[in-house]
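Undergrad: Below, each chain spelled out in residue letters.
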Amino acid sequence: MTATDSYVTPDGRTIGGVMMEMKNITLRFGGVVAIKDISFDIREGEIRAIIGPNGAGKSSMLNVINGFYHPQEGEVWFRGEKRPSMKPYQIAAQGIARTFQNIALFHGMTTVENVMTGRQLMMKKNFLWQMLRVGPAMAEEVVHRRRCEEIIDFLEIQHIRKEPVGNLPYGLQKRVELARALAMEPKLLLLDEPMAGMNVEEKEDMSRFILDVNDQYGTTIALIEHDMSVVMDLADRVVVLDYGKMLADGTPDEVQKNQAVIDAYLGVEH
Amino acid sequence: MTTGQSPVGDLVTIPRLLARNASKFGDKPAYREKEFGIWQSWTWAQVSDEINALALGLLELGLNEGDHVAIIGKNRPYFYWAMVAIQSCGAVPVPLYPDAVADEMAFVLDHCSARFVIVEDQEQVDKCLDVNDQLPGMEEILYLDARGLRKYDHTHLHDYREIQKRGLAGTKKAELDARLAKQDINTTCVMLYTSGTTGRPKGVVLSNQNIIMSGKAAAEFDGLHADDSVLAYLPMAWVGDFIFTVGEGYWTGFCVACPESPETMQHDLREIGPSYFFAPPRYFEGVLTSVMIRMEDASPRKRKMFKKYMDFAKEVGPKILDGKPVSFGERLKYAMGNLLVYGPLKNTLGLSRVRVGYTAGEAIGPEIFDFYRSLGINLKQLYGQTEASVFVTVQPDGEVRADTVGVPAPGVELRIADNGEVFYKSPGAFVEYYKNPESTAETKDAEGWVATGDAGFIEEDTGHLRIIDRAKDVGKMSDGQMFAPKYVENKLKFFPNILEAVVFGNGKDRCVAFLNIDLTAVGNWAERNNIAYSSYQELAGHPQVLDTLQEHVETVNASVAEDPMLSGCQIHRFCVLHKQLDADDGELTRTQKVRRRIIEEKFADLIAGLYDGSEHISTETEVMYEDGRKGSISATLEMRDAKVFATAADKVAAQ
Numbered sequence: 000m001t002a003t004d005s006y007v008t009p010d011g012r013t014i015g016g017v018m019m020e021m022k023n024i025t026l027r028f029g030g031v032v033a034i035k036d037i038s039f040d041i042r043e044g045e046i047r048a049i050i051g052p053n054g055a056g057k058s059s060m061l062n063v064i065n066g067f068y069h070p071q072e073g074e075v076w077f078r079g080e081k082r083p084s085m086k087p088y089q090i091a092a093q094g095i096a097r098t099f100q101n102i103a104l105f106h107g108m109t110t111v112e113n114v115m116t117g118r119q120l121m122m123k124k125n126f127l128w129q130m131l132r133v134g135p136a137m138a139e140e141v142v143h144r145r146r147c148e149e150i151i152d153f154l155e156i157q158h159i160r161k162e163p164v165g166n167l168p169y170g171l172q173k174r175v176e177l178a179r180a181l182a183m184e185p186k187l188l189l190l191d192e193p194m195a196g197m198n199v200e201e202k203e204d205m206s207r208f209i210l211d212v213n214d215q216y217g218t219t220i221a222l223i224e225h226d227m228s229v230v231m232d233l234a235d236r237v238v239v240l241d242y243g244k245m246l247a248d249g250t251p252d253e254v255q256k257n258q259a260v261i262d263a264y265l266g267v268e269h
Numbered sequence: 000m001t002t003g004q005s006p007v008g009d010l011v012t013i014p015r016l017l018a019r020n021a022s023k024f025g026d027k028p029a030y031r032e033k034e035f036g037i038w039q040s041w042t043w044a045q046v047s048d049e050i051n052a053l054a055l056g057l058l059e060l061g062l063n064e065g066d067h068v069a070i071i072g073k074n075r076p077y078f079y080w081a082m083v084a085i086q087s088c089g090a091v092p093v094p095l096y097p098d099a100v101a102d103e104m105a106f107v108l109d110h111c112s113a114r115f116v117i118v119e120d121q122e123q124v125d126k127c128l129d130v131n132d133q134l135p136g137m138e139e140i141l142y143l144d145a146r147g148l149r150k151y152d153h154t155h156l157h158d159y160r161e162i163q164k165r166g167l168a169g170t171k172k173a174e175l176d177a178r179l180a181k182q183d184i185n186t187t188c189v190m191l192y193t194s195g196t197t198g199r200p201k202g203v204v205l206s207n208q209n210i211i212m213s214g215k216a217a218a219e220f221d222g223l224h225a226d227d228s229v230l231a232y233l234p235m236a237w238v239g240d241f242i243f244t245v246g247e248g249y250w251t252g253f254c255v256a257c258p259e260s261p262e263t264m265q266h267d268l269r270e271i272g273p274s275y276f277f278a279p280p281r282y283f284e285g286v287l288t289s290v291m292i293r294m295e296d297a298s299p300r301k302r303k304m305f306k307k308y309m310d311f312a313k314e315v316g317p318k319i320l321d322g323k324p325v326s327f328g329e330r331l332k333y334a335m336g337n338l339l340v341y342g343p344l345k346n347t348l349g350l351s352r353v354r355v356g357y358t359a360g361e362a363i364g365p366e367i368f369d370f371y372r373s374l375g376i377n378l379k380q381l382y383g384q385t386e387a388s389v390f391v392t393v394q395p396d397g398e399v400r401a402d403t404v405g406v407p408a409p410g411v412e413l414r415i416a417d418n419g420e421v422f423y424k425s426p427g428a429f430v431e432y433y434k435n436p437e438s439t440a441e442t443k444d445a446e447g448w449v450a451t452g453d454a455g456f457i458e459e460d461t462g463h464l465r466i467i468d469r470a471k472d473v474g475k476m477s478d479g480q481m482f483a484p485k486y487v488e489n490k491l492k493f494f495p496n497i498l499e500a501v502v503f504g505n506g507k508d509r510c511v512a513f514l515n516i517d518l519t520a521v522g523n524w525a526e527r528n529n530i531a532y533s534s535y536q537e538l539a540g541h542p543q544v545l546d547t548l549q550e551h552v553e554t555v556n557a558s559v560a561e562d563p564m565l566s567g568c569q570i571h572r573f574c575v576l577h578k579q580l581d582a583d584d585g586e587l588t589r590t591q592k593v594r595r596r597i598i599e600e601k602f603a604d605l606i607a608g609l610y611d612g613s614e615h616i617s618t619e620t621e622v623m624y625e626d627g628r629k630g631s632i633s634a635t636l637e638m639r640d641a642k643v644f645a646t647a648a649d650k651v652a653a654q
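Top to bottom, those sequences are chains W and C. Reading the first sequence from the start, the letters are residues 0 to 269 in numbering that gives the first Met the number 0. Reading the second sequence from the start, the letters are residues 0 to 654 in numbering that gives the first Met the number 0.
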């Protein structure tokens, strides 16, 4: 199959052509090489996983995708165009949203307020109007609030709508963060360890939500995850990194059989 | 049965009541549901349109008269409409418990040979598809929430709203009218499965006569009218929910509100402020516990004010409710208390506007009952069952007590058999158990007397019924004394620390008990006393917790000893179980009632230990997780002795 072919997965989802392509990315921090000459692509509608041991460069890769880091070498292509060096908020406006490994919510604000911040880039009225909260500003807010409420309903967090997120258990905070990212109506959703620190039941819930987001909104998802069973169940294709280098790229089955991957994960006899 | 001249006039079926409501109360809200953070509402006229559209759609799909249609979901207006749409087609709605596991569901779906199933979401669709191969009769599934279902094969899977559209575009109007015209007061209205504390669930067939007459009688008894409102949050498969929302709701035309999700129920209750409210004792206990815990965290001044006014309310509140004479000064002080404490508290609990509140199903602790009544909430008890379309006895205003269940409801006759079992005859008495003539014959005799299975007696001076226990659970100790486990269990459960208790001793010389601690109450106590614990099991086995529970057991023994009839039921030894009794493990019914025999078998080693005098017993128990997987927990339990008291009769003999 070529990069532009679309195909249908065994479970009936249509995967489109390439949405984002990383070409020979190298990222250095001073003398430390975090990512070395890595290339892979993300296709429309797919769930793409990036895995690897600690320090493999997974989070750095995500930070390159959403424009927080600028690689010294290599090119990022998004929707058929080479992406110039951009600020993260400009990239967010292009339709790329993310969640964070160590939850970055506004702790004093309620769930619904946090989710509403995800709509900030879409609100057209200026700061003064929003402060007055009358007329057109109010009308705008009502429209966006409705969207947020749909997402709150989708993720089943109605019962914590008015709860300050600082009071919430970890698993729910993760869900609120996902809600905020969804509020941006992203084309590409980046999830940095969405299941970290969760128990089995919470992981199952989160997996269900990730699949539903992909199915319902057609959102392309790139995720980093440690839990191998989760990755193997969720992802269409997997990139394996180790010490900033690419070990493998393919379907979960292919990756699992790859000797280099097995060595990296289970260790090699010396 | 009466035909022709009925006391309800032409309003002999629920669909006819719908037509009446649509023309009489067309613009009044009939249903509300909170969705996307806002209360959405539908008038009776809109509800009528929705129901008609769905009924037409079901006819397009080929629903036959007499078919059973299962409904599986949480309380949502769409399901209440579906029930009436199914009735309009001449079919029978069968609401099921949405939290039932696939096997339980399969049994019921198979037993009523449901051809159509209307479900809420992917979770329920998956359950139905899981058991599909065991159910050749199941043909079509309708769902409400399309999320996650896009990729499913839609040959026999339909969107609820699509079916409504198909109905409106179709040509079945004449057929629907013909089917509606055919129905009369004896047409089956609904079939509800009883949870069954023993054996498989039984399908209770209730006719329009049962439902409408019961709804009418209850509505008139409490003076309900079209401006009342209720919150529908109890399982739709439970007869109470059906009578309150459909029976009484359609008869009076009041508004039924559905919560946003089960977790937001408390919040939604506060926003809706219903005027008619039902909750099981468990609910009232839980709310009271959380109020008391929160008061302990309040500032000393507030705590003092709360205590002062609540003590006062306990004396005066019930008197005011019952219309007994109260001095002007006391009224003034009560009004002050209302301003400072009772009013704000009722508002927080969502009970400000409750004119009539009921509790039933289990005994309620006198302290709990008095707490709500002293706040000025007209909380009453009723006694009923599915087979009676709920109402057997009800407490009239002004005659409310914690230890009785009231006088016979309008139209109900009572009879107490020689063995103490309560029998009744009423317009609400069920038609039959579906496909189960033996059980029907065992329960209902040719004259229409229905056995309740409960033992009780009628108080001579007041005419109120008092229930002692399940008739089959009442036994004899080896020395011939009466054994009534529930009587003792209820006394134990009135302590906030004890969530559940199971007493054994039938045919033995003394009684022993299993206890479950209430994690909220005991956990809070542990936090205050700096007792660290990592699990339910650890807290349940903590020596200080056991000391406290031992005190509770001994208090109960002292009170049981005072009753000459039941003094043999004092608890000699007890242990605190290492797991919470759970419906998923089959230890409780879905309505949270104890399944005595199953517990007895499952924990036989512990019972043996309680009787043979061992101090510790190690045991391992299989548990079922929410997703259906099994695991096991092992623990070593401490068995405790409790002090027993001489009975009143013994004391006399000793003198």
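In short, the hints are calculated from the structure, not lab data. Certain hints may be false.
Claimed, not checked - Each computed BS3-like pair below joins lysine-lysine, with the alpha-carbon atoms no more than 25 Å apart:
| # | chain 1 | residue 1 | chain 2 | residue 2 |
| --- | --- | --- | --- | --- |
| 1 | W | 202 | C | 215 |
| 2 | W | 161 | C | 33 |
| 3 | C | 345 | W | 161 |
| 4 | C | 215 | C | 181 |
| 5 | W | 186 | C | 33 |
| 6 | W | 202 | C | 33 |
| 7 | C | 73 | W | 161 |
| 8 | C | 318 | W | 202 |
Undergrad: With reference to the structure, classify each hint as holding or not holding.
TA: Consistency of the hints with the structure:
| no. | hint | verdict |
| --- | --- | --- |
| 1 | W/202 <-> C/215 | violated, 49 Å |
| 2 | W/161 <-> C/33 | holds, 15 Å |
| 3 | C/345 <-> W/161 | holds, 21 Å |
| 4 | C/215 <-> C/181 | holds, 23 Å |
| 5 | W/186 <-> C/33 | violated, 30 Å |
| 6 | W/202 <-> C/33 | violated, 28 Å |
| 7 | C/73 <-> W/161 | holds, 23 Å |
| 8 | C/318 <-> W/202 | violated, 54 Å |
Taken one by one, the earlier hints fail for this structure at numbers 1, 5, 6, 8, listed in ascending order.
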